[in-house]
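> Chain residues, written in single-letter form:
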Amino acid sequence: MMLRPYRAILSARFRMLLQYRAAAIAGVWTQIFFGLALIMIYEAFYASTTVADQPMTMVQIASYVWLGQALLAMMPWGADSEIRAMVRSGAVAYELCRPVDLYGLWFARGVAQRTAPTVLRAVPMTIFAVWALPLLGLPEWRLEPPTAAAGVGFACTLVGALVLACAMTTLINISLLWTISGEGIVMISTTLASFFSGMIVPLPLFPEWAQTVLGWLPFAGIADLPFRVYNGDIPLADLGLVLARQLGWTLVLVVLGRRLLARGMRHLVVQGG
Amino acid sequence: MTGLRLYGRYAAVSLRSQLQYRASVVMQSIGAFMVTVVEFLGMWALFDRFGQVRGWTLPEVALFYGMISISWSLCDALGRGFEVFGTMVKAGDFDRVLVRPRSTVLQLLGVELTLRRIGRFTQGVLVLGYAIASLDVDLSVPRALLVLAAIIGSICVFLGLLVLQATTAFWTTETLEVWHAFTYGGVTMSQYPLSIYRSWFRDLFTYIIPLGCVNYLPGLAILGHPDPLGTPVIVQWLAPLAGPVFLVLALQVWKIGVRHYRSTGS
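Protein chains in written order, with this note's numbering: chain E, 1 to 273; chain X, 1001 to 1266.
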């Protein structure tokens, strides 16, 4: 009973965001192109080295790249344009009148913001990367299906990645209460999230001395860790540790978000009438 | 009033209106700078691990990277009108452009000179500076001019792509995002020398979308690096001309599109 309003807002937002199908199709084509270019770049680097013992094999890199392209929309990039408009117009005051927990409400919006576009893109991307690539004569670049155990592990860590990404998204949306336009926060979060999550370069390829720091930052949990569970780079024995990192950071960000939201609402000055 | 002077007016108006939101412009420029800096940091990490890529070192690759980053940032600043052309067609605003006694292309270029692109531009200049400083290339006057020609040639190709992207809106009333594969994707692709890719990919970016001609080939001549693919040096010097040719062809397609234009009437 208690979860009903959140479920309602989630499904309403989800259905609304599913309308952007044309944009998703164009996005898929662009991401396929990026995926191919990136794999060719890594392929060139792998062919150039005399050190055979690299952190991941080329097959694992290909899977890592395709998962990144398929799940691009799940990254905590950008703020919710409706919340931004609400803060600007002052309509955010109505949010306070709703008989539900505001953080929960905005978190539910965040879940919709991250899942709907991801579903639209991930399905055709996966079909392309798993089945179409071998037909095009590029089987070595395909998204290799995981072992059954890795698949289950990936499913678990994907949920962990989603809630963590949503906690980050909600935090970005809350920051709009202070900055109104939110450009600075959005830019900073985009930079941090794309670099430290492994979306620019897979994290294991960074120098050894950076690995410990990269692993403990919250961003590894939204992309790098689940991708490496999928391609077998992280053994299933470490699944518990991965989930603990994801959920631990989620908890920290949720508590932080709640505090900031409460404080933001106290000092909120609604413009105009 | 000549075309260039009119463009000067357009640009001045656009800059003044953007400077009304000074903090926002500064923020966005810094943001774009940071995003591109971490992108280059990623490239550095790969070279740190692998040492080289098919015989190319980081400073050599940085030359291609710097030139394409500068070109794309300038084109992105100039071509804003073409990027948002879809919304213009949807709202029927293109009718107003058509009734003015000036070329449509000039007016669309005049829509905005996007100031915040200075973020990526600065990063491109720094990367190019790093390349030239650490390579210790003999930057004679002809070679410096070739750097300039490569940059101008690349701007032409990117602008041509934006014109083609806008042209599709005459039929679809929407600026299709599918072109991003060639613009943004072309930027990413050009950050590395063309010779590292597979042959079908190289052919696509040499003969159909000539980004390889305006970045990779002159880059070889600037570096004095023999082409692993065996292009003669004279071709490397002349290749940036492919940029203006591509732009002229794109503008012909644009003209056909303009003739097909039907107002949405809204």
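Everything labelled a hint here was simulated from the structure, so no lab data went into it. Just so you know, not all the hints are guaranteed correct.
Stated by the list, open to error - Taking lysine to any residue and the SDA-like style, the derived pairs with C-alpha atoms no more than 25 Å apart in a straight line are:
hint, chain 1, residue 1, chain 2, residue 2
1, X, K1090, X, T1122
2, X, K1090, E, R7
3, X, K1090, E, M16
4, X, K1090, E, E82
5, X, K1090, E, W131
6, X, K1090, E, A8
Stated by the list, open to error - Which residues of chain X face chain E? A few of them, derived with a C-beta cut under 10 Å, are:
hint, residue
7, M1027
8, Q1028
9, A1032
10, M1034
11, V1035
12, M1043
13, F1047
14, R1049
15, W1056
16, P1059
17, E1177
18, A1181
19, F1201
Please read these numbers as outputs of a predicted model, since none were measured by experiment. All C-beta atoms, glycine included, are put in the ideal place defined by N, C-alpha and C.
> With reference to the structure, classify each hint as holding or not holding.
The hints, checked one at a time:
Distance hint between X/K1090 and X/T1122 is unfulfilled; the C-alpha atoms sit about 35 Å from each other, more than 25 Å. The suggested pairing of X/K1090 with E/R7 is violated, with an alpha-carbon distance near 35 Å, which exceeds 25 Å. As the CA atoms of X/K1090 and E/M16 are separated by approximately 21 Å, the hinted pair is consistent with the 25 Å bound. For the hint pairing X/K1090 with E/E82, the CA-to-CA distance comes to about 22 Å; that is within 25 Å, so the pair holds.
Taken as a hint, the X/K1090 and E/W131 pair is broken in the structure, with Cα atoms around 38 Å apart against an allowance of 25 Å. Pair hint X/K1090 plus E/A8 does not hold up; C-alpha atoms about 33 Å apart against a cutoff of 25 Å. Interface restraint check for X/M1027: the shortest CB-CB distance to chain E comes to about 5 Å, inside 10 Å, so the restraint holds. About 6 Å separates the beta-carbon of X/Q1028 from the nearest beta-carbon of chain E, less than 10 Å, and the hint is met.
Below 10 Å, beta-carbon pairs count as interface contacts, and X/A1032 has one with chain E at about 8 Å; its hint therefore holds. With a least beta-carbon distance of about 5 Å to chain E, the hint placing X/M1034 at the interface is held under the 10 Å criterion. A hinted interface residue such as X/V1035 counts as satisfied when its beta carbon comes closer than 10 Å to some beta carbon of chain E; here the least separation is about 5 Å, so the hint holds. Interface restraint check: X/M1043 against chain E, minimum CB-CB distance 8 Å, threshold 10 Å, status holds.
The restraint placing X/F1047 at the interface with chain E holds, with a minimum CB-CB distance near 9 Å, inside the 10 Å limit. At its closest, the beta carbon of X/R1049 sits 6 Å from a beta carbon of chain E; the interface hint therefore holds under the 10 Å criterion. The criterion of a C-beta within 10 Å of any C-beta in chain E is met by X/W1056, whose closest approach is roughly 9 Å, and the hint holds. Checking X/P1059 against chain E: minimum C-beta separation of about 16 Å lies over 10 Å; hint violated.
Checking X/E1177 against chain E: minimum C-beta separation of about 3 Å stays under 10 Å; hint holds. For X/A1181, the interface hint holds, the least distance from its beta-carbon to any beta-carbon of chain E being 4 Å, beneath 10 Å. Because the closest C-beta pair between X/F1201 and chain E is about 7 Å apart, less than 10 Å, the hint holds.
Hints 1, 2, 5, 6 and 16 from the earlier list are contradicted by this structure; the remaining hints agree with it.
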